[in-house]
Amino acid sequence: MGKKAKTSRKGKKAWRANISTEDIQDFFEQSTKDALSGGSLSSAPAESLFFVDKSKDLSVKRKIEKHRQKVLHVESMLQKNPFVQAVPSSTLKKSKKTLKEVPKPKDATECGPQGSVSTSGMADLWGDKGGDNSKTKKTAKPSLIPAVEVEPPGSSFNPTFESHQETLAHAVAQEMHKVYKKELGPQPVPLTVPGEAVDEEEMYFLDADEGSDDDMNPENLDENEDAASEKRPLKTKRVTTVMLNKRARRKEQLKKEAEAKKAQKLSKEIDGLPDILQEIAKEDDQKHKRHIRRVVAKKEKLKSCPPRLGKHKFEPAPVQVLLTEEITGSLRKLKGCCTLVKDRFKSLEKRGLIPPKLNKRLMFFEDELSLEQDAERKIGWLLKLIFAGTATCIAYNIMPYMGDNLLQQSVSLLTVKDPLFKRMGASRLAQFAIDDERRMKIVEMGGAQELVNMLVDAKDDRTRKEALKALSALSPSDQAIGALHQAGAISVIRSTPDSLESAEIEKYKSGLLKRFQDLRYDIPSTNVSRSSDS
Amino acid sequence: MVKHKHYRPPGKKKEGNAARYITRSQAVKQLQVSLPLFRKLCILKGVFPREPKKKVKGNHHTYYHLKDVSFIQHEPLLERLREIRAYERKVKKADAKKNRDRANLLRQRRPTYRLDKIILQRYPNFIDALRDLDDCLTMVHLFAALPAIEERIEVKRIHNCRRLSHEWQAYISRTHKLRKVFVSVKGIYYQAEVKGQKVTWLTPHPLQQVLTEDIDFNIMLNFLEFYEALLAFVNCHLYRSINVKYPPILDPRLEALAADLYALSRYFDANSRSAVLDPQASSLSGSGNVESQQIGDSVSESELRLAQLQHQLPSNEPGALMHLVKDVAGEEEEDDDTRECKKLFKDMKFFLNREVYRESLLFVIPAFGGTVSWEGDGAPFEENDESITHQIVDRPMHGRQTLAREYVQPQWVYDCINARIILPTGGYLAGRDPPPHLSPFVDNEAEGYVPDYAETIKQWKTAGRSEVLPLPGVGKEDLEDPQNLLAEGVIDRAKAKEAVEKKKKMMALERQYHDELNKELHGIPHSSSVSNIDNHISGKETEDKEEFDDDRELAKLGMPRRKRGKLEAVEKGIKRKKDHIDVIRERKRKLKESQKSKEG
Chain A
1 MGKKAKTSRK GKKAWRANIS TEDIQDFFEQ STKDALSGGS LSSAPAESLF FVDKSKDLSV
61 KRKIEKHRQK VLHVESMLQK NPFVQAVPSS TLKKSKKTLK EVPKPKDATE CGPQGSVSTS
121 GMADLWGDKG GDNSKTKKTA KPSLIPAVEV EPPGSSFNPT FESHQETLAH AVAQEMHKVY
181 KKELGPQPVP LTVPGEAVDE EEMYFLDADE GSDDDMNPEN LDENEDAASE KRPLKTKRVT
241 TVMLNKRARR KEQLKKEAEA KKAQKLSKEI DGLPDILQEI AKEDDQKHKR HIRRVVAKKE
301 KLKSCPPRLG KHKFEPAPVQ VLLTEEITGS LRKLKGCCTL VKDRFKSLEK RGLIPPKLNK
361 RLMFFEDELS LEQDAERKIG WLLKLIFAGT ATCIAYNIMP YMGDNLLQQS VSLLTVKDPL
421 FKRMGASRLA QFAIDDERRM KIVEMGGAQE LVNMLVDAKD DRTRKEALKA LSALSPSDQA
481 IGALHQAGAI SVIRSTPDSL ESAEIEKYKS GLLKRFQDLR YDIPSTNVSR SSDS
Chain B
1 MVKHKHYRPP GKKKEGNAAR YITRSQAVKQ LQVSLPLFRK LCILKGVFPR EPKKKVKGNH
61 HTYYHLKDVS FIQHEPLLER LREIRAYERK VKKADAKKNR DRANLLRQRR PTYRLDKIIL
121 QRYPNFIDAL RDLDDCLTMV HLFAALPAIE ERIEVKRIHN CRRLSHEWQA YISRTHKLRK
181 VFVSVKGIYY QAEVKGQKVT WLTPHPLQQV LTEDIDFNIM LNFLEFYEAL LAFVNCHLYR
241 SINVKYPPIL DPRLEALAAD LYALSRYFDA NSRSAVLDPQ ASSLSGSGNV ESQQIGDSVS
301 ESELRLAQLQ HQLPSNEPGA LMHLVKDVAG EEEEDDDTRE CKKLFKDMKF FLNREVYRES
361 LLFVIPAFGG TVSWEGDGAP FEENDESITH QIVDRPMHGR QTLAREYVQP QWVYDCINAR
421 IILPTGGYLA GRDPPPHLSP FVDNEAEGYV PDYAETIKQW KTAGRSEVLP LPGVGKEDLE
481 DPQNLLAEGV IDRAKAKEAV EKKKKMMALE RQYHDELNKE LHGIPHSSSV SNIDNHISGK
541 ETEDKEEFDD DRELAKLGMP RRKRGKLEAV EKGIKRKKDH IDVIRERKRK LKESQKSKEG
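Protein chains in written order, with our numbering: chain A, 1 to 534; chain B, 1 to 600.
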């Protein structure tokens, strides 16, 4: 440990005299000033010292606006000075002349409102010239549909019962059509496919298998090729002249035979010429008929909806009809339609004046089913069933070539589990089975078997009744009866219990059984089987 | 070399559908306008998309006929609209440069366009315009009832629509052209017959209309724009035709009270009266008007004053309106229908209660010659007027009834109009469930099914005329109608019958001959059985009745194929109708039974 180093005292002592005391003096001065003015400023709280000047403050938006309001100097220079008179145009005379022409001799009865369109100057357009007028382009009406379609009488605010039911049925049929479409249409492709999760190990194996296959294939191919190339020389034998001759002879013979056959066929065809002609005529006739049917159907369609004008199909607006409980007979309490704007818009679309737009309502299923639900509540299933049946029947009559589809639908309805749909299908079949051809068609589509099955499975009288009704509608056709017999209808019909409520079941039953008797099918089924065995 | 079907040398023009139709975007490009402008032009010019047989560009395009597009291209309005667009840009620019004076100046002088040329082009005759008026009227009436919405529907347009619709109604009402009214769920259908043309239009119920999102309002407004102009011109023509000055000047007081229709009828009153009393003065005033155009404001003020003076005309005296009706009638020869309609509510005075739909009844009742008043300011007479014969009420009444008048529901008025007789008020008294409101637009005879109430009305009608009631089942003639089609067949029928007879005889003879031949072959001795033939034939006579039906079939066979097809179609249609009626009858019967069972 050494001593502390000595520092020179000389300098420091000398410096002390030179140390400035200004800050101390300043402080004293300040403090005396403060004392005189009353309290130091630095110790005072900020609030007492400062305030926010709000007198000239503007919101940011307004500030920007204000900035924008500023007219550029360049612009201001160009602006018109009110004190400077405009230099008259050198082409004054000309402009005056045109000005004179512009204001039209206005009618005494000028009308006031000036919109974007001026309807002013109400001169009578058709006034002066009575009959004579310039020939103008004759434009065909774009559509057969009237601009204002009067609603059916059932849409009256206070309708008669019958017409109301009628219109209601139409509305329900429309809704049901949608439902059927949804139910019977093809199922959409599912977004996810159900399946079992594959283990990782198995996955490995899967990959390995595929890999091995891939690896193997080229080798296999190579081997095969090798084998083939080895065998080839062995396979080829020498063709002798004898063989060649033989072959040539055979070829010739075959040719001759073919020619003979051809000639024979031709002669046969010539013989059958009338038949062929008949066939062709028949085909032509059918074609012609189909063409006519299509034309008629197209025309019919044009009466109810526009042609396809754009991307989207036209969708008719629902029928406006009051529900039974909404009919009050009072105009004051009427629950009227309040979407008339939409109605007009739809009318424009329907007449083909504008291409239809995508129906937004379809995207969100808002109140699509509202009417249907109401109707369901109100008129009950059975009524609905009948109405839907009649509606589709009408459709069948109008568009016969579409009928097969409907028939197929009806038959497929029978296979649905729900008795309601079964009834619906049966009633529709009963409506369709008007002539033997259609009855046979139904039988061909397996309708008879399904009906019998339905009768077996039926748990309530209504279902049974509908089934029996459909069966009896089929019964006039002999072939259909035969098919029914094969389906084992007799025993099923016999075993159907009579019901207390509806006498119709009995009626149908007896009618059917009589029909079977007439055609000698009414032998006990065991006998039939025996006879068929022997 | 086989020429490809669709091969076209590079220089050659297209042909067929590819050349005749172009898609919308092509059309827009060709016209050099924006899409909204194109749409507007299409609507104004009456050019609509078409469906070509072969859609060259695909099914998802909208096609226009090339000629239609060039039709638009040559429209002067197109140029005008372009100018307007340029002008709008000027306004925008002035705004952007903060040149407020200029912007204001430009705004005031905005160019407008007129549709009169287009209307005249589309409807060269007045009748053409009337034929196409249905949609126009419906749209204008609808917009008159819509709420004004910022940025979508201006108040001004709604007022204009309201004015136009009232003008139309006033004309119809004044000239008694209204024929049918049908109150449906959607709204109220009216049908008028103007110059032999049936004009049908639909007005909304007095309810708040809902504006859904899926409606393109620009399209609607474009249509409305055209329709407004059209209706204004139609109204103008119609007003001139009955010697009334067209843009009517209305009493502002009544207008403010939303009684425009009444104000209009007063205007008619004053106008036609002055015209009838001294036509010279009116013509003078007309020339005065021309002069006064320069004076401007002061004239319009004086006209307003005039309108107010109209109000002081003695309208409270009964039949003041009738006078006028006579005057108007003198000028125009009327058909029977109009005369009948005019007399329906003659000498009847109606008073509308607060709760009934005033606008409709104010239009309908005067149209059939009645006098009408309502509760509120500006009404022509008060509720306690002694001479009121009917008071229209739509709520249950408690006490305070006057014996001198009948309290009926509004439906009575409409039903009377449709039936063209004064129906007994019994069923329609206040508070009761009225009989059904039948649609006058259904032709019951053609339909084949007549509702009960229609039957009753018919009876009342005939009773009123004291005529013999035709037997029910009038519709039968209609069912027999297809036989008319057989007219040609009928001529041949006798001949055909004879031929059939002959043929039958021949057949019988032939058969006998064959039989005899057979017998001879079998060695059975010949026996004369000629007498049998006659028996045979006589036996067949009994079947003749059925043959008569077959007669028709035979006539059918004789017809050319097309006619036969037609006939079959008619028969099928009738059968369908018949089935349909049967369904209705059946339903009704079931209903009755169910009701009976309920009662029992």
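If you are wondering where the hints come from, they were derived from the structure by calculation, not from laboratory data. Careful: at least some of the hints might be erroneous.
Okay, derived cross-link-like pairs now, DSBU-like style, lysine-lysine, Cα gap no bigger than 30 Å in a straight line [to be verified]:
#1 B:575 with A:509
#2 A:346 with B:92
#3 B:92 with A:303
#4 A:287 with B:566
#5 B:575 with A:441
#6 A:80 with A:66
#7 A:66 with B:502
#8 B:156 with A:346
Using C-beta positions, here's what the derived DEER-type ranges look like [unchecked claim]:
#9 B:583 with A:494: 48 to 58 Å
#10 A:460 with B:455: 31 to 41 Å
#11 B:159 with A:127: 24 to 34 Å
#12 B:376 with A:296: 55 to 65 Å
#13 A:270 with B:583: 50 to 60 Å
#14 B:563 with A:270: 32 to 42 Å
#15 A:191 with B:452: 53 to 63 Å
#16 B:563 with A:189: 51 to 61 Å
#17 A:296 with B:580: 18 to 28 Å
#18 A:191 with B:568: 47 to 57 Å
#19 B:159 with A:79: 30 to 40 Å
If you want the footprint, here are the derived chain A segments under chain B, 3+ residues with CB under 8 Å [as the list claims (entries may be wrong)]:
#20 255-266
#21 293-301
#22 349-357
All figures in this text were calculated on a predicted structure; none of them were measured in a lab. Don't be surprised by glycine CBs; every beta carbon is placed ideally from N, CA and C.
Consistency of the hints with the structure:
Between residue 575 of chain B and residue 509 of chain A, the direct Cα distance comes to roughly 29 Å. Compliance with the 30 Å bound is thereby established for this hinted pair. For the hint pairing residue 346 of chain A with residue 92 of chain B, the CA-to-CA distance comes to about 36 Å; that exceeds 30 Å, so the pair is violated. For the given pair, residue 92 of chain B sits about 48 Å from residue 303 of chain A by alpha-carbon distance, which is inconsistent with the 30 Å threshold. A threshold of 30 Å between alpha carbons decides the hint, and for residue 287 of chain A with residue 566 of chain B the separation of about 19 Å falls inside it, so the pair holds.
A C-alpha spacing of about 24 Å is found between residue 575 of chain B and residue 441 of chain A, which places the hinted pair at or below 30 Å, so the restraint holds. Using a Cα cut-off of 30 Å, the hinted pair residue 80 of chain A and residue 66 of chain A holds, with the two alpha carbons roughly 22 Å apart. Between the alpha carbons of residue 66 of chain A and residue 502 of chain B the distance comes to roughly 111 Å, so the proposed pair goes past 30 Å and is violated. The straight-line distance between the Cα atoms of residue 156 of chain B and residue 346 of chain A is roughly 26 Å, inside the 30 Å bound, and the hint therefore holds.
A hinted range of 48 to 58 Å for the beta carbons of residue 583 of chain B and residue 494 of chain A is inconsistent with their spacing of about 32 Å. With their beta carbons about 40 Å apart, residue 460 of chain A and residue 455 of chain B fall inside the hinted range of 31 to 41 Å. A C-beta distance of roughly 26 Å is found between residue 159 of chain B and residue 127 of chain A, which places it inside the suggested range of 24 to 34 Å. Between residue 376 of chain B and residue 296 of chain A the beta carbons are some 57 Å apart, a value that agrees with the proposed interval 55 to 65 Å.
Distance hint for residue 270 of chain A and residue 583 of chain B: a CB-CB separation of about 57 Å, consistent with the stated range 50 to 60 Å. The hinted range of 32 to 42 Å is satisfied by residue 563 of chain B and residue 270 of chain A, whose Cβ atoms lie roughly 38 Å apart. Separated by about 57 Å at the C-beta atoms, residue 191 of chain A and residue 452 of chain B satisfy the suggested range of 53 to 63 Å. At about 53 Å, the CB distance of residue 563 of chain B to residue 189 of chain A agrees with the hint of 51 to 61 Å.
Between residue 296 of chain A and residue 580 of chain B the Cβ separation comes to about 20 Å, which falls inside the hinted range of 18 to 28 Å. At roughly 52 Å, the beta carbons of residue 191 of chain A and residue 568 of chain B sit within the given window of 47 to 57 Å. In this structure the supplied range 30 to 40 Å holds for residue 159 of chain B paired with residue 79 of chain A, their Cβ-Cβ distance being about 38 Å. Judged by the Cβ-Cβ criterion of 8 Å, the region 255-266 of chain A is not covered by chain B as claimed, because only 0 of its residues qualify and three are needed.
Figure legend: the region 293-301 of chain A, annotated as covered by chain B; annotation inconsistent (0 residues with Cβ-Cβ distances under 8 Å, at least 3 required). Chain B is given as covering the region 349-357 of chain A, and this holds because 5 residues of the stretch bring a CB closer than 8 Å to a CB of that chain, at least three being needed.
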